[in-house]
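Asker: Assemble chain B onto chain A, guided by the hints.
Those sequence lines, one after another, are chains A and B. With the working numbering, letter number 171 in the first sequence gets 178, and the count goes up by one each step, no holes. With the working numbering, letter number 44 in the second sequence gets 51, and the count goes up by one each step, no holes.
Be careful, since some hints might not be right.
Unchecked claim - In silico contact screen, one side only, chain A against chain B (beta carbon under 10 Å); selected entries:
hint, residue
1, Gln46
2, Gly51
3, Met68
4, His160
5, Val164
To be verified - With a cut-off of at most 30 Å between alpha-carbon atoms, the simulated DSBU-like pairs for lysine-lysine come out as follows:
hint, chain 1, residue 1, chain 2, residue 2
6, A, Lys82, A, Lys148
7, A, Lys82, A, Lys104
8, A, Lys155, A, Lys179
9, A, Lys204, B, Lys23
10, A, Lys197, A, Lys148
11, A, Lys201, A, Lys107
12, A, Lys201, A, Lys148
13, A, Lys104, B, Lys23
14, A, Lys148, B, Lys23
15, A, Lys104, A, Lys73
16, A, Lys197, A, Lys179
17, B, Lys23, A, Lys155
18, A, Lys197, A, Lys107
19, A, Lys147, B, Lys99
20, A, Lys73, A, Lys148
21, A, Lys104, A, Lys201
22, B, Lys23, A, Lys179
23, A, Lys201, B, Lys99
24, A, Lys107, B, Lys99
25, A, Lys197, B, Lys99
26, A, Lys201, A, Lys147
27, A, Lys73, A, Lys107
28, A, Lys82, A, Lys147
What the hints assert, rightly or not - From chain B, some residues computed to sit far from chain A (all C-beta separations above 10 Å):
hint, residue
29, Glu31
30, Ile41
31, Phe45
32, Gln49
33, Arg63
34, Glu69
35, Leu81
36, Arg82
37, Ala84
38, Ala89
39, Val92
40, Gly97
These aren't lab readings, by the way, just hints derived from the structure by calculation. Ideal Cβ positions, reconstructed from N, Cα and C, are used throughout, including at glycine.
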Amino acid sequence: MESPPSTSESEPQPPDRELVSRTQAGDPTAFDELLVRYQQRVYGMIYNMVNNHADTNDLLMETFTKAFQNIHSYKADATFSTWLYRIAVNHAINFLKRNKFRNNLSMDDDDADLHNRKEFIDTDVTSNAERQTNLAELQKKLNESLMKLSEQHRAVVTLFDVQGLSHAEIGKIMECSEGTVRSRLFYAHKQLQKYLKDYV
Amino acid sequence: MFNKERSEENFQELQKLLAMKRAELPPQSYFDGILTEFHNRQRAQLLEPRYTFVSRFFEALETIREALQPRPVLRYAMATSAVMVLLVAGLKVSWTDEASTSTGLALQSSTPVVTENFAFTQALEPQKVSNVDQQIDAASVGPVSLDNKRVLPHYVIAQAPTSYDTAMAF
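In isolation and in its complexed conformation, chain A is listed as follows (with noise of 0.2 Å):
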């Protein structure tokens, strides 16, 4: 986690810790290649916890901004992604917590369709179009069992499997043991394979 994926392999990217630094030292520049570095990771991160495009927008933003203002609180003891992430789980948890009601079903029309676009879709996934209208089902299927699932453990299903984190990252993010990590994943693929029993 900690060395991001370089875009381009011709121009070495600096270190987050060295950037950490910089936007420390008053270089709000710095901030700017950490934002572009990590947005897509956070967006999807929220995204999958909230399901809603709108929503996801406003807490991306509200992420960044926060982690911008205490950025001097940043300590070296975690990796900045860590941090980031941290911040980006509460945030989502305590929007989930707020809006409980307007999110029962937060899975609107125009979010659906907003995902079962081509430029939402993987081409390298979906290779025929059969397989694409399968797929969108199945996505769709899929977005409802996760939002079925508690705020924690559809949280430790999105870093686990989606964002492709350790249990050992995960723990540090939600603040929490490896064990419990362990635990709540087991419950939420038991509970994930319930709702799609028809399908996996």
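Answerer: Then chain B, alone, in the frame of chain A:
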């Protein structure tokens, strides 16, 4: 054993499915605009008015005042109600004053009764009085009017008891 393997296999299927969600991202043009939006929001925050405790307090007061402000239709009704309340309160105060005045009069009128009783006691024991050296006439201790004429005390000898029973009998 079979179930466990089956379960793990299903989890793998599920995890493959979940991994596909990594591709669920908006187009790159959206991400190209995030930095600009972030800067715009930061600038907008700088322009936001800074609220102090005092300004928030007055703002809250203003909100309450606006909330309590009646609609034009209700103004007459509220004014009439206020006048009625004031009238009732004024009447109540005047009644209280009258009641306290009459109580004072009652207390004043009860004083002579005590005097009369004292005189009556004196009159019933003439022998005791006659033994005293000065031989005071028992009747002379009665009340004396301002023009030095003797006024006999007025006694209420008998007063018919008032019955509170109903006159009807079955």
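Asker: Are the hints correct? Go through all of them and say.
Answerer: The hints, checked one at a time:
| no. | hint | result |
| --- | --- | --- |
| 1 | Gln46 | holds (5 Å) |
| 2 | Gly51 | holds (6 Å) |
| 3 | Met68 | holds (6 Å) |
| 4 | His160 | violated (13 Å) |
| 5 | Val164 | holds (7 Å) |
| 6 | A:Lys82 x A:Lys148 | violated (40 Å) |
| 7 | A:Lys82 x A:Lys104 | holds (28 Å) |
| 8 | A:Lys155 x A:Lys179 | holds (25 Å) |
| 9 | A:Lys204 x B:Lys23 | holds (15 Å) |
| 10 | A:Lys197 x A:Lys148 | holds (16 Å) |
| 11 | A:Lys201 x A:Lys107 | holds (23 Å) |
| 12 | A:Lys201 x A:Lys148 | holds (12 Å) |
| 13 | A:Lys104 x B:Lys23 | holds (29 Å) |
| 14 | A:Lys148 x B:Lys23 | holds (15 Å) |
| 15 | A:Lys104 x A:Lys73 | holds (19 Å) |
| 16 | A:Lys197 x A:Lys179 | holds (23 Å) |
| 17 | B:Lys23 x A:Lys155 | holds (19 Å) |
| 18 | A:Lys197 x A:Lys107 | holds (23 Å) |
| 19 | A:Lys147 x B:Lys99 | violated (74 Å) |
| 20 | A:Lys73 x A:Lys148 | violated (33 Å) |
| 21 | A:Lys104 x A:Lys201 | holds (24 Å) |
| 22 | B:Lys23 x A:Lys179 | holds (25 Å) |
| 23 | A:Lys201 x B:Lys99 | violated (75 Å) |
| 24 | A:Lys107 x B:Lys99 | violated (55 Å) |
| 25 | A:Lys197 x B:Lys99 | violated (75 Å) |
| 26 | A:Lys201 x A:Lys147 | holds (16 Å) |
| 27 | A:Lys73 x A:Lys107 | holds (23 Å) |
| 28 | A:Lys82 x A:Lys147 | violated (40 Å) |
| 29 | Glu31 | violated (6 Å) |
| 30 | Ile41 | violated (5 Å) |
| 31 | Phe45 | violated (6 Å) |
| 32 | Gln49 | violated (7 Å) |
| 33 | Arg63 | holds (21 Å) |
| 34 | Glu69 | holds (27 Å) |
| 35 | Leu81 | holds (34 Å) |
| 36 | Arg82 | holds (38 Å) |
| 37 | Ala84 | holds (38 Å) |
| 38 | Ala89 | holds (42 Å) |
| 39 | Val92 | holds (43 Å) |
| 40 | Gly97 | holds (52 Å) |
Hints 4, 6, 19, 20, 23, 24, 25, 28, 29, 30, 31, 32, counting from the list given before, are not met by this structure.
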